[in-house]
Amino acid sequence: MKKLSLFVIVALTLTLVMGFSAAGTAQDLKVGMVTDVGGLGDESFNDSAWRGLQRAQEDFGIEINVIESNTMTDYTPNLSSFAEQGYDMVWGVGFLFTDAMGEVASMYPDVKFGIIDAVVEGPNVVSATFKEHEGSFLVGVVAGMATETNKTGYIGGMETSLIQKFEAGFRAGVKAVNPDAEVFVAYTGAFDDPQAGKELAFTQYDQGADVIYHASGACGIGVIKAAKERGLYAIGVDSPQYHLAPAYVLTSMIKRVDNAVYNEIKKLYDGNFEAGVQVYGLDNNGVGIYRPQAENMVAQEVIDKVDEYKEKIISGEVVVPSSPDEL
Amino acid sequence: MLANLTALLSTTLRMATPLILAALGGMFSERSGVINIALEGIMLIGAFTAMAGSYFFSPWIGVLGAVIVGMIIAAAHALVSISFRADQIVSGTAINIFAAGITGFLLRLIFGDAGQSPSVQDVGTWKIPFIKNIPVIGGVFGEQIPFVYIALILVAVSYWILFKTPFGLRIRSVGEHPAAADSVGINVIGMRYIAVIMSGFFAGLAGASLSIGLLDLFVKNMSSGRGFIALAAMIFGRWTPHGAMLAALLFGFADALQMLAQTIGLTFVPRQFLLMAPYILTILALTGVIGRSTPPAADGEPYIKEEV
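Same order as they appear, the protein sequences are chains Z and P. The first sequence lines up with residues 1026 to 1352 when you count with my numbering. The second sequence lines up with residues 75 to 382 when you count with my numbering.
Don't take each hint at face value.
So, partial list: chain P residues that the calculated Cβ filter (under 10 Å) puts toward chain Z [claimed, not checked]:
(1) D161
(2) M333
(3) A359
Here are the simulated distance ranges between beta carbons [as the list claims (entries may be wrong)]:
(4) S132/P <-> N1297/Z: 41 to 51 Å
(5) I357/P <-> N1175/Z: 40 to 50 Å
(6) K1292/Z <-> I163/P: 18 to 28 Å
(7) I163/P <-> N1175/Z: 25 to 35 Å
(8) E1336/Z <-> S132/P: 32 to 42 Å
(9) P1271/Z <-> G212/P: 49 to 59 Å
(10) Q1325/Z <-> I357/P: 52 to 62 Å
Please keep in mind that the hints were generated in silico from the structure rather than gathered at the bench. Every residue, glycine too, gets a C-beta built ideally from N, C-alpha and C.
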């Protein structure tokens, strides 16, 4: 009886683990990815990273797999698990992996590791970071030109230096095209509280804002719902978010985690793996702006202005601040 | 200025609503002598059920489903902690972990998305005709989601039940001195079951207010610690319905205030301190700095009937 129940537990666990795995074709290269606690379906960097792996699978016929983390204490065992199973490359998605990645990467020097949004030193680790402030600058240009009240808002999640990059870029972008415009800045202190996002957005709309940009994870769902209720505008982040309220999401700042992951896997596939920091910005399609679905939502002159600034940032003529202190 | 005040109080009321409902649930359970830290998990399951009910049927069937499922989960907590006399904290924690797992699993199974559900129909708002025209008060109470009014009415109803009916006296007596209650013929086990299941009703309703009241969809882990803040409100409110309501309103006000202060650039108090307010106030209440806060005497203790 005991043996049977043990068997059932093992079988169930395996089914669960396999249930979240993608079937891969048996090939030489095996790449694994460990999500942070946001998991797949976050419509943010976990999903985006997974798209990068899937694209690499299609193009290079590699084998891919994903493990979702329930808690932060899962990071080390999940990374190790891939390394133990003979994977060639293992990705940790998110800056929360910093410590776990450092530890595991030094334990498995023959395995290549990749981390998103953080820098981990090591001869076998590639750290992909993004110039979120550059993408945020471009949506700031849109907000600065679209606002009729001359008041815009920014809602961040937790006030870390990463999330402050979004704030700094957005504020600089608004000021660049509309020096008189005000930018309300507030943080929800969480990434998983849509009610807080919605009430904070109401607060900013009540103060006269008519366009709000958010970088606050699932709190942003509340921000977009508030825009819809008030008939005003929101700007999405990370992935295109117009589908949450099509007529009320002006545009979205896109962070191409998928491009970064794909690129680094391609380098490994081609035998050119490079450890160290790889920075993804406007110049290499690491960040960008999503063209709104509705043609008439953003005027052509705004789109032209965005393109103009994009060129200026890439050429180095405009330098976007990466922290609010530099504004 | 008046517009600011209206917006501030309006946000306060909406932020407080799920807390008031869950705190009332916690209060009934603890008044009968059973600690219920599963409020957080029951809220989450309630939020999911309400969304699913609205998706497949209608918003109000969703609300009904949320309270029914809430009561079923609470009944499981009652069974484990009253009949099996297991550790009530362990049982509550188990339910909280279960809730996060099952809602995530069903979200993926039914809607094919691990992060959030599709938008469903919400319960809308209720307009109160006469109040709507009064300045400030009209802006705050004139048009809100139904759960705001339901929560306020349930505070009064709970007060009446707990302090003005024989049923409420029995709940309080089994939580203070179960042996004495038993000796006068009160069914201690039965009363505790009823009180814990009532807590599931309130926590389920609180969950519904989050998903299809304040929003129109379910988001993974959207209860976001509110079940625990509701427990803090209950303690700060000294296990009374009106006290819990005032505490929840105070917490909601602290939230609304920090949102406004951040937005208009007032940083005389760092927002981290305002975010900490509920917890600091609760600790102060528990340590007796602000009045005395004594839990029901038999709170958390399983009752074992003495053999004659």
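Inset, instruction - Tell me, in ascending order, the numbers of any earlier hints that this structure violates. - result: 1, 3, 4, 6, 7, 8, 9
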